[in-house]
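With chain A fixed as given, assemble chain B onto it according to the hints.
There are 2 protein chains.
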Amino acid sequence: MPASSILSARDLEFLLHEWLQVETLTERERYAEHSRETFDAVLELAAEIATDHFAPHNRAADEHEPHVVDGKVVLVPEVAAALRVFADAGMTAAALPEELGGLQLPAVVNLAVHAWFQAANIGTSAYPFLTAANANLLVAHGTPEQVRTYVPPMAEGRWFGTMALSEPQAGSSLADITTRAEPQDDGSYRLTGTKMWISAGDHELTENIVHLVLAKVPGGPAGVKGISLFIVPKVLVGEDGALGERNDVVLAGLNHKMGYRGTTNTLLNFGEGGHTPGGRPGAVGFLVGEEHRGLTYMFHMMNEARIGVGVGATALGYTGYLHALDYARTRTQGRPLAGKDPAAAPVPIVEHPDVRRMLLAAKSYVEGGLALGLYCARLVDEERTAGSAADRDRAHRLLEVLTPIAKSWPSQWCLAADDLAVQVLGGAGYTRDFPVEQFYRDNRLNPIHEGTHGIQALDLLGRKVVADDGAGLALLAETIAATTQRARGTEWADLGATLDELVARIGAVTGALWADGDPERALANATVYLEAVGHVVVGWLWLEQALATPDQGEGREGAFYAGKRQAARFFQRWELPKVGPQLALLATGDRTVLDTSPAWL
Amino acid sequence: MPASSILSARDLEFLLHEWLQVETLTERERYAEHSRETFDAVLELAAEIATDHFAPHNRAADEHEPHVVDGKVVLVPEVAAALRVFADAGMTAAALPEELGGLQLPAVVNLAVHAWFQAANIGTSAYPFLTAANANLLVAHGTPEQVRTYVPPMAEGRWFGTMALSEPQAGSSLADITTRAEPQDDGSYRLTGTKMWISAGDHELTENIVHLVLAKVPGGPAGVKGISLFIVPKVLVGEDGALGERNDVVLAGLNHKMGYRGTTNTLLNFGEGGHTPGGRPGAVGFLVGEEHRGLTYMFHMMNEARIGVGVGATALGYTGYLHALDYARTRTQGRPLAGKDPAAAPVPIVEHPDVRRMLLAAKSYVEGGLALGLYCARLVDEERTAGSAADRDRAHRLLEVLTPIAKSWPSQWCLAADDLAVQVLGGAGYTRDFPVEQFYRDNRLNPIHEGTHGIQALDLLGRKVVADDGAGLALLAETIAATTQRARGTEWADLGATLDELVARIGAVTGALWADGDPERALANATVYLEAVGHVVVGWLWLEQALATPDQGEGREGAFYAGKRQAARFFQRWELPKVGPQLALLATGDRTVLDTSPAWL
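As given, the protein sequences belong to chains A and B, one line each in that order. Position 593, counted from 1, in the first sequence is what this note's numbering calls 593; the numbers after and before it change by one each time, with no gaps. Position 67, counted from 1, in the second sequence is what this note's numbering calls 67; the numbers after and before it change by one each time, with no gaps.
Same shape as in the complex, but just chain A:
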């Protein structure tokens, strides 16, 4: 495959095959129909469709953002055309079981497939990925009838799906949602309320939209324990699967964003009387699973969605890096310090060390982020298909502790990669003649949605590392130690030793933070904790990559491996030292923020 500015097929090959050995998954029953050839074929197809149908309208979808005409959401026509090609290629259902029309692809390969589309056009790719997440949730928690009714049309791309959690007054605080679901005699519910920030909440791309809606059944417990989950289709579905009456789900407005504009983002009214199915008030909804357990189901989906957000952030950073690299290799300007003869020809700017610094930093972020996302997806496969219950449980626990990092680290550092990409291009990067400014704007959403950066920090330090007496963190430490053990006696021993020391410090700091059992004090600096652990985790994955790299090879192959090793060295020498002051701050139990009165700001 020729070199692409969207994503690096060579790097994916390295990560999937040379490092993660994904071919071994075909030994598992679930993936037995697959082979390295089928994995590679679907990846190549993804790259082709992403290149030919997604990337070309990325700018157009940004310039002509979704708008409402006669009550309908209008998108640039290329979106529907691209999604038709995507669905026809079976991409929506790539990870679904075969009996539901899916390709039954491993999660790790599926995530690599996603990365191609996210890097090419994050806005357009959101529609099918939300749909796939919706379908996955129904497969896991819906009744057989619900699955039969809603999943195949989504798998075929005829219907799309959404997740409707947030509300105008609630934001990150789902305990405060007020959408009500009144039980009806026929077992269905009638919903009333308003949902905010609903991506893909309304459009004309498909004939139906399946909303998964969080709401409270009157009389239930207060707070998050009283939240239930409902299927609320835009158009009601008859027993034969045919579309019937319009449900009372009405677009109340579009959000106009800084970036990520291709994905329409909506305010939706449920049961406000815009339509009254059967002549009665309320939007018709169907309970998923049991009442009051809605948040549990949603979080099951959300963990995968969070890894997906991390990979999306990585993909946006990755394509930014590749565009900057391409520019730096072709744009000539200035001369080397050693020979500042003004009569000499200018050199490509990649020859200037400061430009290489920016590119190498970006490379270490985006390849590190991709390794993190794929590693987590590989754990999803282990969690599902490992041979022993102990191995599945181990994968589950490790995934629990890694998920907030898989979401937040790329959202921070691959955005930083796009910031560096803008800087490499300079004034050109600040104009809309080049795509990097859009990647930068698009990527800025990722530290916000699917749980903000600060929410991920509370999740990691407040839940994940304390659960089961710290078993998750202990398992992470053990897993890292297995890698550093392999590094002993190699040229990477020093990186391994640094990681060992940092992991030990994280363990000590975690204990110290929780020593007095005061969650307010323990969690006051949770974000610093998240960022420190995140950097150590990515440092470990750089060691993993370095150890998977043969110290040989010539030409392009040799340069590829040399680049991997150099990026690992960069992360070791330039990035990991940043963790030192963070852990030192945490170790002091710093109260600066906690003791700051709002009146002082």
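Read the hints as simulated data drawn from the structure, not as lab findings. Where hints are given, some of them may not hold.
What the hints assert, rightly or not - Chain A side only, calculated, beta carbon under 10 angstroms to chain B, not exhaustive: (1) Arg293; (2) Arg356; (3) Gly426; (4) Trp600.
The structure presented is a predicted model; accordingly, all values stated were derived computationally and were not measured. All residues carry an ideal CB built from backbone N, CA and C; glycine is no exception.
Relative to chain A, chain B alone:
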């Protein structure tokens, strides 16, 4: 004055009067007509005009960016209206001498005036500030006739000015400009060439535009030593000052930017035959000063422009911080950890420690940045008006070493403040319903223009700290030591001691980097050096502020001082430790970047 979301009048009062004692400048002859009252009156007027005429169209100028209709650049009409009010209030000429129609304001007060307009509307404020910089350059280096012809119309806001340095093929590399200036028999020149990235390069706001253009006179030395500076008016000016024939300066295109959109940014053709003054080819230009010394004159202006860019970056960060603070105090969501009773009312989000962390960090960046900018402007006043030549020279040397920091540090950290502001607002911050996303986009220009971040690093480590056997750095160290000396025996002794240690390490690292006289190796990590020194300088200015803060006061005044002290502590505990790994990296003489082959990326 009521609290504003544009800038803090109380903070400016503290910085200008309680800390920098600007009233003492009125003891100098140049500023003898002024008093605290006149300073405060002009600041109050600036705040009023910024609030009433600049801020209201900040979003409109972003949404309706400059565009060309029938060959003319069209802006939203509010821009011209605001600039009329601005000019009529004498703001363009605020720092010019009285005999040229100016207010003869000290640079430090003038910069505070600028900050109000930059925070309110960076795009509109650029027109008069470029004009003022242009006029200042002519006052310093033009002939009396040139000054008489061009400065008063600019001071009155009837004409605007530009700086035309860059070219499409040259970017940061001015040595490679190819615009030619052919001397004519009458002493004028004829220019031909194309200039890129020219802010305010064309518009209908004024009846004339005075371009200051860098060009090469044939036969001069190669590279930067062959660059001369020319006045090239859009419309030629008769001896009586009346406008005459159109000069051959033609708009070739507009750049469409991510932000900063209100300032039109142009590609300009000089002498390409769009007009032919007197029927002869070439744009008519008038030499400023001597041939081949153009870059020296331009850099004289550019140093002040760089401080101005830093203050602009600070202003954008400051208003972002204030908007986020306002949102955090009024938006309710969630509950304190200590009392997670779901039935309790939600609290303002400023009550959540992670939100306070973001606000306190932003506060430490924007107030630190403002202190840095004003300190440098105060040095400009010293350089101009101090009583002894030794004091003027001292101010000049200190300013030389601080200028790259005054430009780059706020461009990095006050952009970070806007990033935090977006994060505090969450999803809302990502929408165009709130202004913070625009501040974030606008501010992203600042690490690029007027010398990129990397260029500033080369300036600091490659020129400023090595000039005169390191006299500039020694003077900076001495100046910081004078502050840490005052901190001894106070509650701030530990911050002083930390700064002493860091300054010593910077001195050692600087020596080590240059020890073998290999500029390529010394400068390979110049950006890390710039960032480390910048953080230490701002840490020092936080100590300065803390020492100027009475540990007393009640109510709002007490809270103001407590906030200053807390921000100083934050910078001490959270920010200064980041410098440790940077200096450690520099001390190893790290070659990771230098040894990276472009083929490995």
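Agreement of hint Trp600 of chain A with chain B interface, Cβ distance less than 10 angstroms: At 4 angstroms from the nearest chain B Cβ, Trp600 of chain A passes the 10 angstroms test, so the hint holds.
Chain B contact restraint on Gly426 of chain A - CB to CB distance below 10 angstroms: Interface hint status for Gly426 of chain A: holds (6 angstroms vs cutoff 10 angstroms).
Status of the hint placing Arg356 of chain A at chain B (closest C-beta pair under 10 angstroms): holds (5 angstroms)
Closest C-beta approach of Arg293 of chain A to chain B relative to 10 angstroms, hint status: violated (17 angstroms)
Violated hints amount to a single one, hint 1; each of the other numbered hints is respected by the structure.
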